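From just these sequences and the hints, can you work out the full model?
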Amino acid sequence: MLKRHIKNFQIWHHRQVLCEWANDGSREKAMTELIFKQDQKNYHAWQHRQWVVKRFGLFEGEIDFARELLVKDVYNNSAWNHLYFCIQNSTGWSEEIRKSELSFVQEKLEVAIDNECAWNYLRAVQNHILTANPQLADKFVSKLEVIEDRGNSHKHLAAYVADYLAEKTERDSDKESGTKAVQIYTELSSNLDPVRRNYWNYLSSCLSAKI
Amino acid sequence: MKIEEYGIGNVRSHVRYFRNILNVLPSRYSYLDSQRLVIAQFALGGLSFLGAIDQLQNKEEFIEWIYSLQSPHGGFFGSKIMKELPSHLAKPHIASTFAAVQCLILLGDELDRIHIPELLSWIKSLMNPDGSFQGAADASEPTDLREFTYCAAFLIHIFGTSNFSDEDRKRAVQYIISCQSPDTAFGQVPGAEGHGALTFCALASLKFFGCLHSDEGVLSAAELKRIVRFCVNRQSEGIHGRPHKPDDTCYTFWTCAALKLAQPSIDISEKLDKERVLSFVRSCVDENIGGIKKLNAKNQYADATHSYFALAGLGVIFDDVMPEYMLKKDLTKRVLRIRNRVKESKLDSSNSLLSRAGNLALSVSFAILSVYATYLLREPLTSA
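Here the protein sequences line up with chains A and B, keeping their order. Residue numbers for the first sequence follow this note's numbering, so the first one is 10 and each next one is one higher. Residue numbers for the second sequence follow this note's numbering, so the first one is 957 and each next one is one higher.
These are calculated hints, taken from the structure and not from any lab test. Since this is a predicted model, take the numbers as computed values, not measurements. Ideal placement from N, C-alpha and C gives every residue a C-beta, glycine not left out. Among the clues, some could well be false.
To be verified - With a straight-line Cα cutoff of 27 angstroms, these simulated DSS-like cross-link-like pairs (lysine-lysine) come out: (1) K38/A to K1126/B; (2) K81/A to K1126/B; (3) K1126/B to K63/A.
Unchecked claim - Only some residues are given here: those of chain B computed to face chain A with a beta carbon under 7 angstroms: (4) R1198; (5) P1202; (6) E1226; (7) K1227; (8) N1255.
The structure is reproduced here in structure tokens:
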């Protein structure tokens, strides 16, 4: 029934209750994988998998599972979220793990630089403090400078660099960084991400007013 | 801005679409029979957004039908079938209750037949120790930030916090925060993927609980900016709910409303390309039957959910709809009036309770004094 109604809350919850009563989650991973064949990003299936994994302590192999899915589709936001969830609830975020995840996500950004999921993951691994890792940020600053033909696919890179420089401006009252950030927000508005031109203009004016 | 100015096709055909829903639905909707009230909310809400609700001639009939679904123990059943189940199975549901109250507001009712103490006590009974809410008192569904916390928050906001202590409120807020995902949006449960609709439910609930942009605000300015960034990134042409998913007309509401709640002082046009959103919604109009489809595809029909939320979303973008209420601004004034009336009537009844108690105390004291005075003034036993 689940295969025919993969978006029905009650059926998923019913399955969860049955697992509880039977105290057995051993078949659930395979079941969710059947659903992922139909719909890679099915919200309920992912939620069920997370519940099973946490409830029955079945974290083994989950990080690899998420990584494999990202090989198949690097834009799978559910897989990125699952990766974060598994690390959070198994090993936790030690300095070593943060470093290795930063490496992982940079690899994935080489595959697809326009991948919002990867950029979000990168920011999450840094607890959204971009100035915490200036070496990494400076790599992206240089990367952006080097790209001559900047287009829509570079919008997330540009946003990251601008945000980092804006953060640096606030933290260190660094006018030079502020000016650069305003330039990049302006470029986002006019060229790199015109859908959000008003938003980038707004950020640019707010920052200009501060420097 | 008037709905005709949005340019979303033939407004009369959309009105006809919603009115038809109130009469009869195709068989493919039969699985939703248990949630008739929710469908009614979408149809009546759609008519309201189109400025056409006053065309309905049988509002009183609808109002009576809605009240007929009220449980004497608090809450509303989703439909007659749900009410008439055997008593151990018949349970009112929080989504139906939310829909019932929405419908009554839309129909011009004053909500004066709601059994408020029973309602509040029932909502409290749905609250779990972790601060989440069940949908019904049979735990037949998972807890769901999307509907259940938001519905509960809306109802408590209108009908009062008598059964809901400050500790309860803090627990509910704590649960909402625990649903924040690593990309700063909110998921359905802790750990779940960030999602546009759930981000709306989280922010609206926080607002109703007094914890958004207030002294007790739980999201810092920096966090709110990040939430805004997530929402802003949800536009391709139209709007979608999660990164790298296709645009879907219902997110016109969820994401725009979340945006508005995250930064209320800033116009949505400063964040989104309104014209592109409009253009996407226009492309999803069902030219055959009216209403709005989920996406622009040949094998898609309009459906009540997407028609309602697309219009609600346009209402938010054009500043005609209060995001946290899902209602037009002129209706929310009435909601606030009702809310104040409920508050005052509780004060009145506690005042009249006080005054009755006071009167009783006075009467008793007077009686005692009278007896004592009579005793003092009586003839001495031994009179001369």
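Hints versus structure:
1. K38/A to K1126/B: Violated. K38/A to K1126/B sits at ~35 angstroms, over the 27 angstroms cutoff.
2. K81/A to K1126/B: 42 angstroms, violated
3. K1126/B to K63/A: 25 angstroms, holds
4. R1198: Hint on R1198/B: holds, closest Cβ of chain A at ~5 angstroms, below 7 angstroms.
5. P1202: 10 angstroms, violated
6. E1226: 5 angstroms, holds
7. K1227: 5 angstroms, holds
8. N1255: Status violated, d = 17 angstroms.
Hints 1, 2, 5, 8 from the earlier list are contradicted by this structure; the remaining hints agree with it.
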